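S.K.: Line order of the protein sequences matches chains A and B. Everything in the first sequence is counted per my numbering, starting at 1 for the first residue and increasing by one. Everything in the second sequence is counted per my numbering, starting at 1 for the first residue and increasing by one.
Note that these hints are calculated values from the structure, not bench results. Remember, it's a predicted structure, so these values are computed and weren't measured experimentally. Check before you lean on any hint, since a few could be wrong.
[What the hints assert, rightly or not] Distance condition first, Cα-Cα at most 16 Å in a straight line; then the derived EDC-like pairs of lysine to aspartate or glutamate:
#1 A:Lys32 to A:Glu258
#2 B:Lys106 to A:Glu321
#3 B:Lys350 to A:Glu149
#4 A:Lys350 to B:Asp144
#5 A:Lys229 to A:Glu258
#6 A:Lys106 to B:Asp144
#7 A:Lys131 to A:Glu149
[As the list claims (entries may be wrong)] Derived DEER-like restraints, expressed as beta-carbon distance ranges:
#8 B:Ser111 to A:Gly94: 43 to 51 Å
#9 A:Gly72 to B:Ala26: 46 to 54 Å
#10 A:Gly72 to B:Arg314: 21 to 29 Å
#11 A:Ala203 to B:Ser111: 56 to 64 Å
#12 A:Gly72 to B:Ala318: 22 to 30 Å
#13 B:Glu53 to A:Arg299: 40 to 48 Å
#14 A:Pro48 to B:Val378: 23 to 31 Å
#15 A:Arg314 to B:Asp144: 16 to 24 Å
#16 A:His142 to B:Glu53: 48 to 56 Å
#17 B:Gly396 to A:Gly94: 52 to 60 Å
#18 A:Gly72 to B:Asn330: 14 to 22 Å
#19 B:Asn330 to A:Glu207: 31 to 39 Å
#20 A:Ser179 to B:Asn324: 17 to 25 Å
C-beta atoms are modelled at their ideal positions from N, C-alpha and C, and glycine is treated no differently.
Listed below are the residues making up each chain.
2 protein chains.
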Amino acid sequence: MQTESGKWKVESRLTKASVCRSPPSAFRFDLKHTDAGSAARRSTLHTPHGSVEMPAFMPVCTLGTVKGVDIGRLGETGAQMVLSNTYHLALRPGEETVAALGGLHKFMGWSDPILTDSGGFQVFSLAQRTKIDEQGVTFRSHIDGTLLELSPERSVSIQAALASDIAMVLDHVIGLPNSPEAVAEATWRSVRWAERCLKAQMASSREDQILLAIVQGGLDPDLRRQCAKALVALDFPGYAIGGLSVGEEPADMYRTLEATVPELPVDRPRYLMGVGRPEDLLESIARGIDMFDCVMPTRNGRNALVYTDQGPLRLRNAAHEVNNRPLEENCPCPACRHSRGYLRHLFQAKEMLGPILASIHNLTYYQRLMLGAREAIVADRFDEFRQEKLCGWGVGRMQSRSGTQGK
Amino acid sequence: MQTESGKWKVESRLTKASVCRSPPSAFRFDLKHTDAGSAARRSTLHTPHGSVEMPAFMPVCTLGTVKGVDIGRLGETGAQMVLSNTYHLALRPGEETVAALGGLHKFMGWSDPILTDSGGFQVFSLAQRTKIDEQGVTFRSHIDGTLLELSPERSVSIQAALASDIAMVLDHVIGLPNSPEAVAEATWRSVRWAERCLKAQMASSREDQILLAIVQGGLDPDLRRQCAKALVALDFPGYAIGGLSVGEEPADMYRTLEATVPELPVDRPRYLMGVGRPEDLLESIARGIDMFDCVMPTRNGRNALVYTDQGPLRLRNAAHEVNNRPLEENCPCPACRHSRGYLRHLFQAKEMLGPILASIHNLTYYQRLMLGAREAIVADRFDEFRQEKLCGWGVGRMQSRSGTQGK
Numbered sequence: 001m002q003t004e005s006g007k008w009k010v011e012s013r014l015t016k017a018s019v020c021r022s023p024p025s026a027f028r029f030d031l032k033h034t035d036a037g038s039a040a041r042r043s044t045l046h047t048p049h050g051s052v053e054m055p056a057f058m059p060v061c062t063l064g065t066v067k068g069v070d071i072g073r074l075g076e077t078g079a080q081m082v083l084s085n086t087y088h089l090a091l092r093p094g095e096e097t098v099a100a101l102g103g104l105h106k107f108m109g110w111s112d113p114i115l116t117d118s119g120g121f122q123v124f125s126l127a128q129r130t131k132i133d134e135q136g137v138t139f140r141s142h143i144d145g146t147l148l149e150l151s152p153e154r155s156v157s158i159q160a161a162l163a164s165d166i167a168m169v170l171d172h173v174i175g176l177p178n179s180p181e182a183v184a185e186a187t188w189r190s191v192r193w194a195e196r197c198l199k200a201q202m203a204s205s206r207e208d209q210i211l212l213a214i215v216q217g218g219l220d221p222d223l224r225r226q227c228a229k230a231l232v233a234l235d236f237p238g239y240a241i242g243g244l245s246v247g248e249e250p251a252d253m254y255r256t257l258e259a260t261v262p263e264l265p266v267d268r269p270r271y272l273m274g275v276g277r278p279e280d281l282l283e284s285i286a287r288g289i290d291m292f293d294c295v296m297p298t299r300n301g302r303n304a305l306v307y308t309d310q311g312p313l314r315l316r317n318a319a320h321e322v323n324n325r326p327l328e329e330n331c332p333c334p335a336c337r338h339s340r341g342y343l344r345h346l347f348q349a350k351e352m353l354g355p356i357l358a359s360i361h362n363l364t365y366y367q368r369l370m371l372g373a374r375e376a377i378v379a380d381r382f383d384e385f386r387q388e389k390l391c392g393w394g395v396g397r398m399q400s401r402s403g404t405q406g407k
Numbered sequence: 001m002q003t004e005s006g007k008w009k010v011e012s013r014l015t016k017a018s019v020c021r022s023p024p025s026a027f028r029f030d031l032k033h034t035d036a037g038s039a040a041r042r043s044t045l046h047t048p049h050g051s052v053e054m055p056a057f058m059p060v061c062t063l064g065t066v067k068g069v070d071i072g073r074l075g076e077t078g079a080q081m082v083l084s085n086t087y088h089l090a091l092r093p094g095e096e097t098v099a100a101l102g103g104l105h106k107f108m109g110w111s112d113p114i115l116t117d118s119g120g121f122q123v124f125s126l127a128q129r130t131k132i133d134e135q136g137v138t139f140r141s142h143i144d145g146t147l148l149e150l151s152p153e154r155s156v157s158i159q160a161a162l163a164s165d166i167a168m169v170l171d172h173v174i175g176l177p178n179s180p181e182a183v184a185e186a187t188w189r190s191v192r193w194a195e196r197c198l199k200a201q202m203a204s205s206r207e208d209q210i211l212l213a214i215v216q217g218g219l220d221p222d223l224r225r226q227c228a229k230a231l232v233a234l235d236f237p238g239y240a241i242g243g244l245s246v247g248e249e250p251a252d253m254y255r256t257l258e259a260t261v262p263e264l265p266v267d268r269p270r271y272l273m274g275v276g277r278p279e280d281l282l283e284s285i286a287r288g289i290d291m292f293d294c295v296m297p298t299r300n301g302r303n304a305l306v307y308t309d310q311g312p313l314r315l316r317n318a319a320h321e322v323n324n325r326p327l328e329e330n331c332p333c334p335a336c337r338h339s340r341g342y343l344r345h346l347f348q349a350k351e352m353l354g355p356i357l358a359s360i361h362n363l364t365y366y367q368r369l370m371l372g373a374r375e376a377i378v379a380d381r382f383d384e385f386r387q388e389k390l391c392g393w394g395v396g397r398m399q400s401r402s403g404t405q406g407k
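Generate coordinates for the entire structure from the input sequences, incorporating the hints supplied.
M.R.: Encoded structure:
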């Protein structure tokens, strides 16, 4: 087990230049400021494809595209890093085709940073007849039933072919609620797989990709802490928290973050996977999370639900029929060139442009929310910012850091 | 019958300033140049919402949007005027809703010129249980079966509410082939309806909308000529040719143009409705047509067929799987930021972005073709330009102006 430390530090503390596993020089995590009133952090992640200002939200490019959004429009939303799905791309068009087309950046036409997940979540949520053992997973493709296998080494290999900037370890994802024994078994298997992923990735000596660990442990704070400690001992350049936002109460998610985050090194990025609603993002930032991804803004957009500072709107509602106002007065997105009445018409008439514009608006909304969060953190007023937003959305503060539960 | 003349002239000939039916001053048709070797014309149509350089191609915004293309991207294709469908908008969301949302320009977010058709074509092609008499048409909505009526006066009224720059007369469209009697009856009814549309439009004293006539007559050159003469006597500010590209041989369409165009005044725009393939555009420009609209570039784009100077490509073809080239090396459109392999992947994976990008590429291709035509006309080399394009596409010259039929 790799136990060296100090290889991935806040820039000012980078002293051991000779350590062999230092992240490639193009990667650097600068922790710039921590909010005076919360654990919210303002940081910058530098990668070979440019920098990401954090807290950051990554739009999900499942199959190498945010559904319905061209890459130019995606850049205009303010997104600086996107997530793409290893499972989906390995099935279609196949990682070798992506590699033959120049890797994921060239394939998508996205020159900024890209993170790929490991495929684990989709294998457990989408694939059919999944069988798991210590070696890995065998499953049948959800598209054509082809028998496939995914192991920690194979996941690293696929992500290397895709040539993302940030790869994720393969973890054993299980549904919640589940028995404590099953959660513990999946958690410790995930730790062992993380170590195999790390070894496979080190063997490749890549300079242009880093690998992040994923803390599992269900809703058990002790198991989360133990898992985090074991992964931190492996000395990854960053840590994700997985297995949340899978149906549990928001308060349970926040409590789990409160147990887990303090175990993670201050000088590495922290990524909460698959989360979430705007209020989840702010509550998680307050608890020290730096990165997010979620299909919610695009999936909801496709279903005519759009975000505003006054809470979400359902565009199919007849109340919008002759409403001349844009979704948000000060929003620069292409949807906000139009009236709510026009956008409603697009959904009523089943025009593709409805889902397209609502997706772009929601992604823009999330990016503007992250921008607001970053500005609030450096001004030491993140808690005030969070309260303003929650109040506008009509959402109670879900749970304070001291444990008292709102709403 | 209105028989005054000289109200809509080439700018240099505008002498009768006091004529009551002069097009509003914001409308002007400048015929700038006629190609030395063909009837191709280079002109500019001025409207209250700006100018249109002609020959021009209008993308079709059926329900107030080009399917899948946001209005900013549409502008980037080079389109200067768009067509929107009266029938579709009257059904959804209804012209009163469009008017309440500020008219079609504000509704769509398009500040350049808009032409609306009359609804006639859709009533005859889409509506159910259509009954026609001299008064107008009754039919049932193709959406919900509601009983509706369309008359010349109602069509003008709907288009006034939509507030397009250019409205079209309601015509009686019939399928081809059909009996000579049926074609003649529909043609002369169309002329009577055109006169009723003109009276209705004059009664409204609109300064911001002009009404164009539509020449019918099937494939009968004599009937076409008679219809054109009758409509020209009514002194419209521009003339369309309808009822073509409905399944007839291209050579028949070109012969019909050759019979009809010489009857139309030189000093007014000529619009060939619903046409067509790139080669149809060039052949029709050579015969004196100034304006076109067609769903072909977008409908084909949605079905993975894209246009290039080497002829159309079917993107689903396996040959494109690992092709790193863009569709066209010198095309500035967002699709051409990507490889053919990526675009094929989008279609194979049924991603919305495939139809979106292919539509934008095809619209850009059509606009670049019109730009090339305009440049060739002013250089008196339109015929050479046409030959180059037809040769690149692998298409024979369909029929010369002298009547010898190619291919």
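S.K.: Decide, hint by hint, whether the structure agrees.
M.R.: Here is how each hint holds up against the structure:
1. The hinted pair formed by Lys32 (chain A) and Glu258 (chain A) fails the criterion: a straight-line CA distance of about 22 Å is larger than 16 Å.
2. For the hint pairing Lys106 (chain B) with Glu321 (chain A), the CA-to-CA distance comes to about 15 Å; that is within 16 Å, so the pair holds.
3. With a C-alpha separation of about 24 Å, the suggested pairing of Lys350 (chain B) with Glu149 (chain A) is violated against the 16 Å cut-off.
4. Between the alpha carbons of Lys350 (chain A) and Asp144 (chain B) the distance comes to roughly 15 Å, so the proposed pair stays at or under 16 Å and holds.
5. Under the criterion of a C-alpha separation no larger than 16 Å, the hint pairing Lys229 (chain A) with Glu258 (chain A) is consistent with the structure, at around 15 Å.
6. A C-alpha spacing of about 46 Å is found between Lys106 (chain A) and Asp144 (chain B), which places the hinted pair above 16 Å, so the restraint is violated.
7. As the CA atoms of Lys131 (chain A) and Glu149 (chain A) are separated by approximately 9 Å, the hinted pair is consistent with the 16 Å bound.
8. Checked against the hint of 43 to 51 Å, the pair Ser111 (chain B) and Gly94 (chain A) passes, with Cβ atoms roughly 45 Å apart.
9. Taken as a hint, the range 46 to 54 Å is violated for the pair Gly72 (chain A) and Ala26 (chain B), whose Cβ atoms sit roughly 34 Å apart.
10. The hinted window of 21 to 29 Å between Gly72 (chain A) and Arg314 (chain B) holds, with their beta carbons roughly 25 Å apart.
11. For the hinted restraint 56 to 64 Å between Ala203 (chain A) and Ser111 (chain B), the CB-CB distance of approximately 59 Å keeps it satisfied.
12. Take Gly72 (chain A) and Ala318 (chain B): their Cβ atoms lie about 28 Å apart, and the range 22 to 30 Å holds.
13. Between Glu53 (chain B) and Arg299 (chain A) the CB atoms are about 42 Å apart, so this pair conforms to the stated range of 40 to 48 Å.
14. The supplied range of 23 to 31 Å is broken by Pro48 (chain A) and Val378 (chain B), whose beta-carbon atoms lie about 49 Å from each other.
15. In this structure the supplied range 16 to 24 Å holds for Arg314 (chain A) paired with Asp144 (chain B), their Cβ-Cβ distance being about 22 Å.
16. Between His142 (chain A) and Glu53 (chain B) the Cβ separation comes to about 50 Å, which falls inside the hinted range of 48 to 56 Å.
17. At about 41 Å, the CB distance of Gly396 (chain B) to Gly94 (chain A) disagrees with the hint of 52 to 60 Å.
18. A hinted range of 14 to 22 Å for the beta carbons of Gly72 (chain A) and Asn330 (chain B) is consistent with their spacing of about 18 Å.
19. In this structure, Asn330 (chain B) and Glu207 (chain A) meet the distance hint of 31 to 39 Å, their C-beta atoms being roughly 35 Å apart.
20. Separated by about 51 Å at the C-beta atoms, Ser179 (chain A) and Asn324 (chain B) break the suggested range of 17 to 25 Å.
Taken one by one, the earlier hints fail for this structure at numbers 1, 3, 6, 9, 14, 17 and 20, listed in ascending order.
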